[in-house]
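Asks: The primary structure of each chain is shown beneath.
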Amino acid sequence: MKRTVFLSALILLTLIITGCRQRNTGTAGSDVKNGDDNPAYGDAIIEGTIGEPSNLIPMLASDSASHAVSGLIFNGLVKYDTDLSITGDLAEFWDISPDGLVITFHLRKGVRWTDGAEFTADDVLFGYRTIIDEKTPSAYKEDFLQVKKAEVLDRFTFRVTYDKPFAPALTSWGSLVILPKHLLEGKDITKSDMTRDPIGLGPYKLSKWVSGQELLLESNRDYFEGRPYIDHYIYKVIPDPATMFLELKTGGIDMMGLTPIQYTKQTDTAFFRENYRKYRFPAFQYTHLAFNQKHPWFSDKRVRQAIAFGIDKKEIVDVVLFGLGSPATGPYVPNTWPYNPHVKKYEYNPEMARQLLREAGWQDTDGDGIVDKDGKPFQFTILTNAGNALRKNTATIIQWRLEKIGIKVDIRTVEWSTFINQFIDKKRFEAVLLGWSIGLDADQFDIWHSTKTKEKELNFISFSNAEVDELLEKGRRTFDLEKRKKAYFRIQEILADEVPYIFLYVPDATPIVHARIRGIRPTPIGISYNLPKWYVPKILQRHTMVP
Amino acid sequence: MLTYLAKRLLEMIPTLFGITLISFLIIHLAPGKPTDALSEMNPKMTPEARERLEKYYGLDKPVMVQYGLWLKRIVRLDFGESFSMDRRPVMQKIWDTKQPITERRLFITFMLNLMAMIIILLIAIPIGISSATHQHTLFDKITTTTVFVGFAMPSFWLALLLMLLFGVYLDWLPISGLKSMNYDALPFWGKVIDRVRHLVLPLFVVAFGSLAADSRYMRSSMLEVIRQDYVTVARAKGLSEKAVIYRHAFRNALLPLITLIGLSVPGLIGGSVIFENIFGIAGMGQLFFNGVMARDYPLIMAILTIGAFLTLLGNLLADVGYMLADPRIRTGQ
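Chains A and B, in that order, are what the protein sequence lines are. Here my numbering = 1-based position in the first sequence + 432. Here my numbering = 1-based position in the second sequence + 511.
These are computed hints drawn from the structure, not numbers from a lab. This structure is a prediction, so every number in the text was calculated from the model and none was measured. Please note that a few of the clues may not be correct.
Stated by the list, open to error - Think about it this way: if two alpha-carbon atoms lie no more than 25 Å apart in a straight line, the pair counts; the simulated SDA-like pairs of lysine to any residue are: (1) A:Lys777 x A:Ala941; (2) A:Lys567 x A:Met626; (3) B:Lys609 x A:Ala500; (4) B:Lys609 x A:Gly483; (5) A:Lys884 x A:Asp495; (6) A:Lys970 x B:Met692; (7) A:Lys640 x B:Ile630; (8) A:Lys888 x B:Pro573; (9) B:Lys702 x B:Ile630.
Input sequences plus hints: build the corresponding full structure.
Replies: Here's what the structure looks like:
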């Protein structure tokens, strides 16, 4: 008896250990002979994701995981081209009336939803009506509430009319408002099956979603821009970043976003060089230190400038991001059209910082190393949200640098929801370290306009500048790129001089992709824009899926 | 016996009511609202839009009114809809009837914990007995040290080390998840082996971390029992040591374990967040943690209520188990 048990245990153990000796150890990289490297259909790409998507109807979701997946399933009327100009997607072309109030979209003909129904202007109108419906809990309503009239001129022509010219209007007609009317009309969209089993018209369609584990997408063979080469796109939910990296090492996933240390150190080995390709481009976000403009100390511009001189942005990029980023000079990403490279830069200069502080009346009178004024030492708290190591490290470096110009800094981290409700909304902070994701449109009215300072609004630092107000209004009321550019350039000059924020850095996005996957062309908007064109040469294909 | 049971069950109702009320109030005391996630630093979110959302979720009503509405639903066993963006019924999230049973969160967590519990008992009881009967020997010292090392070691760290060793360097075992990509294409035995391979590391990590408690309970309870007179009598009768320990002492030493098992009933459905995240297992711990972070009140309340119910039930079962096992309690002496 004992013997049998022992024997079966031994057999099972052997099976377990030998069961998975299937790791593909063949290298995927350079050893493919020329000529074999042709695009071919087939294979699958597996991407690791930390968060699970919540809802695949784009207008109902606000998390990046949901948008990443629904972006493969839905297309918009327009999209951004690789140079950030706007180009047609489901709209072949469009006309804007000379006064900028009317946009007429001429839709592509013959595009079909994956259930076979034809895509028409009615679908766009339906999507628009759904998003402005007050029963639809969407975070993206505002752009569409500006629309005065939306109408279907014929099956393939859709027209919207605005009260005032509104520059972000054109780009708002992306994938948020394209919904299949024939499947959703008369239904409660929040309870629809579409939230977890959508019918779209994009390059991929969802074929399986196992909650908390994986989403399996299958290529849309009738995609209007041609069948995507890679047959399956799989999202594997791996909530722990360390585990995800181990999965990458064993080939369990093909693609993930790397942290700075993973990018520079942990993937700097022969194995990774041979089997993976790393990419790097500026992410559309920036990290900043924002001052509460109502605070008596920070209402003095010289103090804000002094702190700007006292911080070495380059050092933060080098230490916190391992060099994977660039110092920020304003609220735009370098090399995009609204970015103004010629603004005041605040190179690290502690002498200048101390001098400006002296001018503002801050001096170390009691010799404790901390400057003071009216008997009060200059000590303030930088508040940031918990769980973001990059921000915490940045705050620590700032703390150390500011000590050298005689300012004592405390750092406090607070859980996100508490942070927003108790501190940001109530304006109970001296300085916060935060990041903004930058929309691809240049309009930042909500962040800088002096009317946007009420509770829950986004100008929570109470920044107020008449000229900026006027320029923001000007910038969003014209479609003329040159005029817009002028307005946004000037705004950046003012922000650089006024220093309501110290713009710290623009981090790089650093994805890694398995080397067998070809056809990736990095551009300013990243790598995933041409995903349907990615392919794996026939002899390198790894996964075959059972339908 | 039956009257006792009926009385205990009736007592559970006000207790459960009190627990839900307090939980509900405490959850709403925490700063933040479910709408925060939806409007997280989103430049397109105006205060009006936020108000509309709050109204949509019924968050504009006073807390007590909200509790009343919740209670009204709960007596019909309706846990309501999640406040997260997917708006699915809470029960669907816990027990997704659209998925095969092996992919439902409650099932995954329950089975994992049940297997872990069985493994732990199978290892901890013999360890406890042996270290009691061989008190102060080298064996006792080694096992004591080992179980405490397991207890003290952070499970996420041990998990990562094991993943690195068995997953990356040796390439023997998969790293995360509960099945392989090609699972559906495998033959039956292939599926079984695939499952087992995925379970080895998670179960080992859980079991290693929890051996200490059960084995120490077992040891001390055994130590107490083998000093009793009836054990001496058994020995004096000339019974073999084996018979003394396993027939006479062991059964009585098991009594405290009944309490322990009763108390671990609620734990069967509450997974560990850290452990589930590390191994990429879609269980209840993850669901609950994400629910708390997103202030998903209906989901949090559902899991807390089920947990509270199971705790009370576990206590009751432990008491009943005691009554059945121990005549002294049964006859009230």
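Asks: Each hint should be assessed against the structure and marked as holding or not.
Replies: Going through the hints against the structure:
1. With a CA separation close to 23 Å, the supplied pair Lys777 (chain A) and Ala941 (chain A) stays within the 25 Å bound.
2. A threshold of 25 Å between alpha carbons decides the hint, and for Lys567 (chain A) with Met626 (chain A) the separation of about 17 Å falls inside it, so the pair holds.
3. Taken as a hint, the Lys609 (chain B) and Ala500 (chain A) pair is honoured in the structure, with Cα atoms around 24 Å apart against an allowance of 25 Å.
4. Only pairs whose Cα atoms come within 25 Å are accepted, and Lys609 (chain B) paired with Gly483 (chain A) is accepted, the gap being roughly 21 Å.
5. Of the supplied pair hints, the one linking Lys884 (chain A) and Asp495 (chain A) holds, its CA atoms being roughly 24 Å apart against a limit of 25 Å.
6. With a CA separation close to 20 Å, the supplied pair Lys970 (chain A) and Met692 (chain B) stays within the 25 Å bound.
7. Between the alpha carbons of Lys640 (chain A) and Ile630 (chain B) the distance comes to roughly 34 Å, so the proposed pair goes past 25 Å and is violated.
8. For the hint linking Lys888 (chain A) to Pro573 (chain B), the alpha-carbon distance of about 20 Å falls within 25 Å, and the restraint holds.
9. The suggested pairing of Lys702 (chain B) with Ile630 (chain B) holds, with an alpha-carbon distance near 21 Å, which does not exceed 25 Å.
Consistency note: the structure conflicts with earlier hint 7 alone.
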